[in-house]
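Mapping of the sequence shown onto our numbering: residues 1 to 462, in sequence order.
It should be emphasised that the hints constitute simulated quantities derived from the structure, not laboratory data.
No experiment lies behind these values; they were computed from the predicted model shown.
Misleading hints may appear alongside valid ones.
The calculated label-pair distances, taken between Cβ atoms and stated as ranges, are [unchecked claim]: (1) 151 <-> 51: 22 to 30 Å; (2) 356 <-> 138: 48 to 56 Å; (3) 154 <-> 325: 21 to 29 Å; (4) 193 <-> 138: 56 to 64 Å; (5) 354 <-> 327: 19 to 27 Å; (6) 201 <-> 140: 32 to 40 Å; (7) 163 <-> 401: 56 to 64 Å; (8) 356 <-> 239: 31 to 39 Å; (9) 29 <-> 381: 31 to 39 Å; (10) 193 <-> 354: 50 to 58 Å; (11) 28 <-> 401: 34 to 42 Å; (12) 381 <-> 77: 54 to 62 Å; (13) 259 <-> 172: 51 to 59 Å.
Glycine included, every Cβ here is placed at the ideal spot set by N, Cα and C.
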Amino acid sequence: MFLRSQLRDGGRVPASVQPYFFLSYAHTPRFGAGGPDPDMWVERLFRDLCSHVMALTDLPAGAEAGFMDREIRSGEGWSERLGAALATCRVFVPLFSPRYFASEMCGKEWYAFAQRAIHQGALSNQPAEAIVPALWVPVPPSQLPGPAERLQFNHNTFGERYVTDGLYGLIKLRGYAEQYERAVYELAKRIVRVAETVRLEPVRPLDYRGVPSAFGPTGSSPARTLHVTVAAASRHDLPDGRSPEYYGDSALEWNPYHPVAQRPIAYVAEDLVKNLNYQTSIGSFDDEAGHYDSKQPPTRPEILIVDRWVVEDEHRRQRLAAFDQESRPWVNVVVPWNRYDHQSRAKEIELARRLEETLPVKMGQGRAACRAAANGVANMETLGQILPQVVEAAAQQFLRHAQVYLPAGNTHTERPRLLGPMGMSGPPAPPQAPFPPDTFGGHNDGNDSNDTDRGDADDSES
């Protein structure tokens, strides 16, 4: 609780209680009672890495060189300790293996750490990549989820045998002791170099038990796609008197959280969605308006990010109103709203009312998180909390409305299969709710069961 209270109160966590790196791995079950612990080899790797990191840095005596999650999974308070370590460590080290990417717990750890990098990158508009992967067991590239596949990392510098056999092979076979020592030392050097270069800042811990997995829900397709559309003006066609400092040469350069954030909202949203294992595309509502056809089945779920100031442009307002009349429940609306923007705060009531009149269906559809996102997202941190729920709700609506196909050679099946980029091997799981609705700025109505019912009713009516 010490770390959580320090960060909540705005204080800095002492470096002596921040782990330098976080080793994330998939637990291997024992075969038979009383047998040897198969994870003892991971523990040896962890000790060797800690020893090298201490030797390569000026960490003081007693500092935590590393953190391994298996130490506390079965103990009391494990979620808080795990969340605190992920919120303060400088480097995240996932041990790649087929079992790792099948683990929901490992996906949660990856997601929680990656959110920190996305948030810091949004504030600075500079990359903040602090994930250093290690090959425990080699994994074919085709089996990597999107977040792992997108990492720019060259494993060949750790040795040829490391690439073919992984650390597990090197540590198990006596003849490869030298290759193991070289690989671990190179890995430790890479950890230190990244930590010193990126300087990832601590954040408030997430509740690990509630965060989604960066690898997607179990059984989901590795080719899930989602589209992000931005409805905003450019600096060249703003309403009279509106400051251009929040805008760029296109809608995709709109930055509602300026000056705290330096990265446009479209690209932040893209990063957040990719962290949920989606292939993501982005576009402007101005460019895409008129291309929607409500009679055609959807091809992907979508998120529409709206600047309330667009209602000041009558042409855009009418196009949004027409869009709202389409039956498209797989499109959810997110409305970023910066109350430190004095112009926006002065016109908040008027602009909010006009947007609700323009998008009455979209503003009221879905569960509590979706309605909260449509009613105004106050800052970048809240956007990172609420967007995963909005995305998964849109994905579930897509699965309900997408076209289905009969399996080849079978015209009598009672359960058609959904094929394509969102196809799944089984019935879709309910959307995850990783964050309590009361963190979204007072939009919770206090009745989650009614929210769910209302969302279903809205979908049938729209």
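Here is what the structure says about each hint:
| no. | hint | verdict |
| --- | --- | --- |
| 1 | 151 <-> 51: 22 to 30 Å | holds, 26 Å |
| 2 | 356 <-> 138: 48 to 56 Å | holds, 54 Å |
| 3 | 154 <-> 325: 21 to 29 Å | violated, 52 Å |
| 4 | 193 <-> 138: 56 to 64 Å | violated, 23 Å |
| 5 | 354 <-> 327: 19 to 27 Å | holds, 23 Å |
| 6 | 201 <-> 140: 32 to 40 Å | holds, 35 Å |
| 7 | 163 <-> 401: 56 to 64 Å | violated, 44 Å |
| 8 | 356 <-> 239: 31 to 39 Å | violated, 18 Å |
| 9 | 29 <-> 381: 31 to 39 Å | holds, 37 Å |
| 10 | 193 <-> 354: 50 to 58 Å | holds, 52 Å |
| 11 | 28 <-> 401: 34 to 42 Å | holds, 41 Å |
| 12 | 381 <-> 77: 54 to 62 Å | violated, 24 Å |
| 13 | 259 <-> 172: 51 to 59 Å | holds, 53 Å |
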